Every structure is written in structure tokens, then in C-alpha cells.
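Novice: For the sequence shown, the working numbering begins at 1 and goes up steadily by one.
Hints are all accurate, no fakes.
Listed next, the in silico DSBU-like pairs over lysine-lysine satisfying Cα-Cα at most 35 Å (straight line):
hint, residue 1, residue 2
1, Lys-23, Lys-58
2, Lys-75, Lys-125
3, Lys-3, Lys-51
4, Lys-89, Lys-51
5, Lys-125, Lys-23
6, Lys-75, Lys-51
7, Lys-58, Lys-3
8, Lys-54, Lys-125
Hints are computed from structural coordinates only; laboratory data are not their basis.
The structure displayed is predicted, hence computed values, not measured ones.
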Amino acid sequence: MVKILVVSEYSLNPPEDGQGRVKIGGGPLYDLGRVQALIRDETSLQVWTEKCRKDVRKWFDDDFQYIVDLIGSLKDTNYIDSEWCENGKGAIAACDAYSVQITEPAPATGKPLRMEYFLKFAVSKTGALVLLVSCHG
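Please take these sequences and the hints and turn them into a complete structure.
Specialist: The structure is reproduced here in C-alpha cells:
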């Protein structure tokens, strides 16, 4: 049996090996105001999965400040649910998922475009980093 490494601050009842994504009831797990205070700049934000790296490149051209601003715009009402997520390297984190709708200029025309973004993140075990697990439109 492989030992699972929990890297998130929240660590109660991690799933057994091989269970994949498991929902966590009673969320959100992290106080949103605290998360927003942690990531006042991009140095406290770590993209934690390869899929998230690809999505950040695709959707945001690696503009981490834009992601910081997106997380900063979240409200408690944007919360979706919480779940355990794997990074594909033997570590798991308990994450909160949010969605936010914003209006921004369309790249080709500059006309207003309503976008919905999904963000999933955890606070690291040390409490110093926000681990970005998913970020896409």
C-alpha cells in the first residue's frame, strides 16, 4: 500500500489510496478572507498540478497577477464545494472550489464578454502558500 502525503492545511479523513476525487462535506474548508490575504501577490500562489499549469497557460497566458485578482474578487457566495485532489505525484490536498462570473473585453473585438472561471485551491500545510489545483474558463 502506498502512503499518501497530505500537503494541505486541512488533513482530516483523507481518502484511501486509489479513491481519486472524494467530496468533503461541511465546507468551505478555508476562510476565504484569509486565503485572499495570503495571496496579495503571486509569490504566495503555487500552481500545483500539470493540468492547472496548462490551463493557466491557455486561459491566462501565465498572467498570475490576473489569477490573484480573480481570487481576490471571490465572495463566499461563489463557493461550489470541497474535495480531495491529487497532483499525480503521490500527494493530495483538500481543496475548495469556486466559480466567478466577470465581464471582460473579448480579445479579438474588445467588446464586453461574460466569462465564468472555475478555481480550486488549498492552503498549504505550512499556511504560507495557496496551492492552485484548477483554474480555467
